[in-house]
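Start from the sequences, fold in the hints, and give me the full structure.
Quick note, the sequences are listed as chains H and V, same order.
Okay, so the first sequence: first residue is 0 according to numbering that gives the first Met the number 0, each after it adds one.
Okay, so the second sequence: first residue is 0 according to numbering that gives the first Met the number 0, each after it adds one.
Read the hints as simulated data drawn from the structure, not as lab findings.
Quick caveat: nothing in here was measured; it's all calculated off a predicted structure.
Even for Gly, the Cβ is constructed at its ideal location relative to N, Cα and C.
Some clues are possibly wrong.
Said to hold, decoys possible - Selected chain V positions facing chain H (Cβ under 8 Å, derived; list incomplete): (1) Pro92; (2) Ile93; (3) Met97; (4) Leu100; (5) Tyr104; (6) Met112; (7) Trp114; (8) Ser194; (9) Leu222; (10) Leu225; (11) Val229; (12) Gly262; (13) Leu275.
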Amino acid sequence: MKFIRSEPAAFGLFLLLALAMALIPSDYLFDAVLTPFLAVSLAALGLNILAGYAGQVSLGSAAFMAIGAFSTYDLLYYIPGLPLLIAFAGAGLITAAVALVFGLPGLRLKGFYLAISTLAAQFFVQWVFTNFPWFSGGDSSGVVNAPPIAIGGILIGSPLRRYLLSLLIVAVLSGFALLLTRSRVGQSFLAIRDNELAARVLGVNVLKTKLIACAVSGFYIGIAGALWAYLYVRLIEPAGYDLNFSFEILFVVIIGGLASVRGAFLGAAFMVVLPLALSRAGAAIFGDTFDSGLVDISEQIILGVLIILFLRLEPQGLSALISRLGLKKKQSHPLPSGVSHEFN
Amino acid sequence: MDWSFFAGVVIAGLLAGVMYSLVAIGFVLIYKTSGVFNFAQGAMVLFAALTFVSLHEEGVPFWGAFAITLAAMIVLGILIERLVLRPLINQPPITLFMATLGLSYIIQGAAQMLWGTQVHQLDLGIADVPLPLNNILISQFDLFCAAVAGGVVAALSLLFRYTNLGLAFRAAAGDSFAALNTGLRLPFIWAAVWSVAGFIALVGGLLWGARTGVQFSLSLVVLKSLPVLVVGGFDSIAGAIVGGLLIGLTETLAEIYVGPLVGGGIDQWIAYVIALIFLLVKPNGLFGQRSVERV
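Next up, the structure:
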């Protein structure tokens, strides 16, 4: 286990595993498990850059995913012939711009105000997409099937191809995130999270750095939304991107590990497995009385308990727990201990 | 323009705002004394209302059910202090905020696990008939809510001003280190203040529950009260009231006069737009004292 201690090595191992998965001949696995897992991982990675590294909690991730989904649709609809990957990138940029608009009022202030300004995004964005058919290409029903997509003439039509495309995009963006978090900018994210005043004394432009984190985060989450809409649900509709989804992405980050790239993947995997495991375990122990409603409720309680336990005992989440499987590990981005943190 | 209709809309908006204030006050209490941005306030409203209405349906008389639910809220307050706040003491505010998100999931889940997920009707015995006053229609139920909210605020001010507990609350709010130095036990104060917030959640839950039915969506009233807090200031009870009135008023006016132009439903977000404007222009809110640092 020693060599997965460094994130790049773990990243390589993850890629190998993910590619090996492609050999399994199961459409269900790709369509219902792996592709949504990758999309959620990417969204969580985006949120982790903002919340875990820069310490700014956003509650609007699902809304930003919706912006990514609708922007992709609109770019492809209103600019015929636009290559798919360019549309994905464009959707990421549009989402980053919108994230900045909603982030600015909250990021100018110290503390949790971003949570409120991103809640504004959550409610406003869903309303806009529901009320203005222009965004759905003039369709007023609010639900549009995602048109077939192709890259360079190759139709992305099978579950395996959808999985491989999302894997490609997620791999590239994760690699970039690893570089970013190790760069000077990434280090200034951590400096701001740990102590804004000290960061400023060290010469970090606090507002500018927060805005960079917000824009990068928006870019990632927007592309995650595009993957979710085009490669997983294959529908363009505002309904799925509700507040609960935003919370779930935040929970993925907390459980997987704040300020850790692989934490996003571990947390997303956990969130995919938890409901399945719960319904199996519940059915085995309580029999038929354990219906889907009860699964939902117990999942809520277990998630809540896990959030509090992880925040109390292991803020670096599953990521740190896995590192412990090896010997003592020098933690790369330890969260501040209570004492060193400024009290206010 | 029909002025008596307009006046009716204004009054209805203000009275709706009172309902937001009621939830916001519980939030302010906790923020003031322990610095925690308590997202679980809405879940506490749901838990209290669901417990009360289920007991009442089992045949427990009104005040009996009220007392048992209040006791449950106090136990909940003590448990939260023990299991969540104390272990997380001195952590950054953002960590505490995320912990209250987890807490709200636990409380919501527990409430539904205990009492089921069906919608309950709650009848407080106040008829919801419009009361005509100079051609202006005013809902009797809204007036009752406003009176109850007024009573709660008055009781809170008395508690804060004339009791030792209130003095301790104010000391902890003013400077928690100094309070600790004079021998006040902060853990006790926190448990007490969460219990008082539980009481307010119970009152709010009964009024909201009587209006909308007791169901899961009650826990979402916290989302309505957040903009109220931004407008009024997170640490001011007066701010929570004025903020609530302002938000209630704008929401109702906007939905009636602007809504039809853009397809309706703007009451879903108009409060948040007002909050965003306040964050940009006056981040302390109207009455906030604790200084908000800009970067």
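These are the hints, each one checked on the structure:
1. A cut of 8 Å between beta carbons decides the hint on V/Pro92: the least distance to chain H is about 6 Å, and the hint holds.
2. With a least beta-carbon distance of about 6 Å to chain H, the hint placing V/Ile93 at the interface is held under the 8 Å criterion.
3. Because the closest C-beta pair between V/Met97 and chain H is about 6 Å apart, less than 8 Å, the hint holds.
4. Of the supplied interface hints, the one on V/Leu100 holds, with its beta-carbon coming within about 7 Å of a beta-carbon of chain H, less than 8 Å.
5. Nearest Cβ of chain H to the Cβ of V/Tyr104: about 3 Å, under the 8 Å cut. The hint holds.
6. The beta carbon of V/Met112 comes within 5 Å of a beta carbon in chain H, closer than 8 Å, and the hint placing it at the interface holds.
7. This hint is violated: V/Trp114 has a C-beta 11 Å from the nearest C-beta of chain H, more than the 8 Å allowed.
8. For V/Ser194, the suggested interface contact is broken, since its CB lies about 20 Å from the closest CB of chain H, more than 8 Å.
9. The criterion of a C-beta within 8 Å of any C-beta in chain H is met by V/Leu222, whose closest approach is roughly 7 Å, and the hint holds.
10. Hint on V/Leu225 holds. Least Cβ distance to chain H is approximately 6 Å, under the 8 Å limit.
11. For V/Val229, the interface hint holds, the least distance from its beta-carbon to any beta-carbon of chain H being 6 Å, beneath 8 Å.
12. Look at V/Gly262: its Cβ gets to within about 4 Å of chain H, closer than 8 Å, so that hint holds up.
13. Taking 8 Å as the C-beta cut-off, the interface hint given for V/Leu275 holds, the closest approach to chain H being about 5 Å.
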